[in-house]
Structures are given as C-alpha cells and as structure tokens.
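**Student:** Top line first, the protein sequences correspond to chains A and B. Numbering-wise (the working numbering), the first sequence opens with residue 1 and increments by one. Numbering-wise (the working numbering), the second sequence opens with residue 1 and increments by one.
With a straight-line cut-off of 20 Å between C-alpha atoms, the simulated SDA-like cross-links for lysine to any residue are:
| hint | chain 1 | residue 1 | chain 2 | residue 2 |
| --- | --- | --- | --- | --- |
| 1 | B | K62 | A | V166 |
| 2 | A | K165 | B | A66 |
| 3 | A | K142 | A | E168 |
| 4 | B | K128 | A | G127 |
| 5 | A | K99 | A | R155 |
| 6 | A | K165 | B | L61 |
| 7 | A | K117 | B | T172 |
| 8 | A | K117 | B | K128 |
| 9 | B | K129 | A | G127 |
| 10 | B | K192 | A | G161 |
| 11 | B | K192 | A | A47 |
| 12 | B | K128 | A | D123 |
| 13 | B | K62 | B | G117 |
| 14 | A | K117 | B | W148 |
| 15 | B | K62 | A | T42 |
| 16 | B | K129 | A | Q124 |
| 17 | B | K62 | A | Q44 |
| 18 | B | K129 | A | A116 |
| 19 | B | K192 | A | R35 |
| 20 | A | K99 | B | T172 |
| 21 | B | K192 | A | H41 |
| 22 | A | K117 | B | Q134 |
| 23 | A | K153 | A | T100 |
| 24 | A | K74 | B | W148 |
| 25 | A | K82 | A | K142 |
| 26 | A | K99 | B | E145 |
| 27 | A | K99 | A | R66 |
| 28 | A | K117 | B | L132 |
| 29 | A | K142 | A | I171 |
| 30 | A | K117 | B | D202 |
| 31 | B | K128 | B | N69 |
| 32 | A | K117 | B | F176 |
By construction, these hints were calculated from the structure, which means they are not laboratory data.
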Amino acid sequence: MKKMLNPRKGVALAMVMVFCIAILGLVTILVFNTRSHRGSHTYQHDASRALMAATAAMQLAIYKYRVLPSEYYKIHTLETLKNKGTADAAAVNALNTLKTAWMADFQSDNAGSPAAKIKAEIDQSTGGNHSFGVEEFSLVSKAAQGYTRDYLKIRAWGASGDTRKVLEELIEVRISD
Amino acid sequence: MPLSAREKISPPYCPSSRAGLSLVEILMALLILTIAVLPAIGAFSGYYGVATRQMEQEMALKLGEAVVNVLMTTNYSELKEGAIPALPLNIQTPSGSFSGTMSFAGGYASGTPVTIGKTKYIIGAEVKKIFLAQDITAPHNNALEFSWLSPDAPPPLPFGGGALPPPPPIATYSCFNDLICLKVTVDFGGAKPIELATFRADMAR
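Based on the provided sequences and hints, a complete structural model is requested.
**Tutor:** Written as structure tokens, this is what we have:
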C-alpha cells in the first residue's frame, strides 16, 4: 500500500539518465563536427598548393610567349582567319596542330614537357601531389580611340588533392606591325 | 471506537515525506553524471584544440602566400643569385601590421619570427634553379626546352578518316635563362610545417 502511495520514487534517476543522454548526444555532435574540421585543414592546405601550382602554370605560359612570340602569332593569325570564316581545311588543320603543340608544354600531365619537370620539382619540394595546366591562351583586342589595345588572356589552373583553383590574367601586349 | 494514546500522538502517514532524494540516489546520479560529463569535457577540449590548430594553420598559409608574393616581385637576377642581403617583409596580420626582414644566405632565407597571439611563426624560404640557361659553347640538357612543330599539318586521311595525329616535334627551343623554384616554409609548432612551392620565370626580356 505504501509503495503505491510513493509515486516519485526513481524520478531523480530517470531525470539524470535523460540529462546524460542529452549530454552524450551533444558530445556526439561535437565529435562529428571536430572530424569535419580536421578535413578542412587538408582543404585549406590543398587550396594554397593549388594556387601555387596555377601560378607556376601562368609563369610558364607568359615566359613562353615572351621567348617565342612569333610562334604564337602564327597561331593567332590562323585563328583570326578561322573566326572570319576565310580559313581553308589545311589552315584549320595547321591551326589545330600548332595550338596543340603550343599548349602541350604547359600541361603537367604531359610526360617530358617543361610543366612535367616543374611539377616533379614542386612535388618533391613540398611532398604533395600537384598538377597544373593552361586552359586558355588567346589574344583579345579592344578598340580604343584611334588605336587598338591587345591583351593576352591566359587562364591557368592548378590542383592539389581534390582542390582545383583557376587563375586568369589579362596582360597588355604591344604588337609591332 | 476510541483511539489509543500512541495512535493519537503519531503523525498521520504522508506520502510526500518520501519526495526527497536519498543519499544513494544522489551518489548514483553524481556517478552517472560524471561518466557522462567527462567525455564531454574531453570533446570540448579536443574541439578547442582543433579550432586553434585550424586558425594557426590558416594564418601560416596566409603568411606563406604573402612571402611567396614578395618573392615573386623581387628583382629576379638578385633573387636567383642569392644576392639579396635582406628582403623587407611587410605583412598585415589580424594583430596588426608586421614589419620584418628575410635574411638570405645563398639560396636559403630565414625570416624574422612573427608572433600572433601565443603562436610564433618561423618563416623560411629556398630559391632553387630548376632549369639552367643554355650555353651555346657548352650545351647541356638542363635547359628549359619548348617544342616546335611544323605548321604544315599532316593531310587528312582519305575517305573521311579525319586528320592524322599531330607529328612529334621536329625542333626544340632551348631557353637562355635560369629558371627557379621558390619554396616557402612556415613552422608554427604544428605537427608538420606548411610548405608551399611555385615556379618563377625570368620576365626581364
């Protein structure tokens, strides 16, 4: 009879258990959050490395243009003809061949290319795995009052781990007639 | 029926007299709470450590990128030859502006330690030639070489077979510049220092 008249017996323990479950739930959430933050460590590092790799690709592309400008102007001339619709099949073939060869030097995945040697050096220096290349290399002209401004438009990419970064630069160039 | 004296004196049974907690219940509750709270404290401590390390790493990466940017704009010839006695470093940090120097000794440099909060960041740099300028009088294989293809593309295959694959390069252009790899290291007391490396070309032409 007395037992039945004691309805609060065990309530304290039950409440403590509820609190404990709530605390354990919070701890679980915290642990999972911490794990995801550990992943973002790697992401930050990879992002910086990818940016460095893209910078390397950009430097290589600008340097090649500086030492071999006439090679690029051959490509540019053929591309202009193609865009105007006055290029024949032979010119289009020549354009494709030259452009492929021009861009091949910038891709780190091409074995034997200058980019591959730079990649090997960067990988060795940092212990990471980089790759980089150039997506776009073109000459864009903008008509100003009485003259035309020419810009080299280069879009380079760099990757490290799962992170990829893209750099784009417009460099004013002066084309002598 | 008349009540006895004992029944008159003793208080009536009240169920609320058991509403309080017994010592055993309190001790058990404390024990269970301790078991639950201890891992929580550990988790908070771990979370704080991870957050702090993340901030330190982010700062180290920003410092590394800032130093790479400084090295990318420094005089190329002096940098390549390791002829810079001291390179000024002016870096904006959350703690304010930091002014220091990088002292070069040949291809290696060490910077003034940067202290942000309780963490000390030690910056180092290395300049290494990865391509050597081609020498006409004594040719070597360590120069940067660009390939060159004939502009005369191969003719397309008959019967609509498409174009042939591009031919192998028929010539190479060997560059007459030393080209360098820049490596920056930032040690912030973490398990592994931050290491960033990139390539710099000579744009003096």
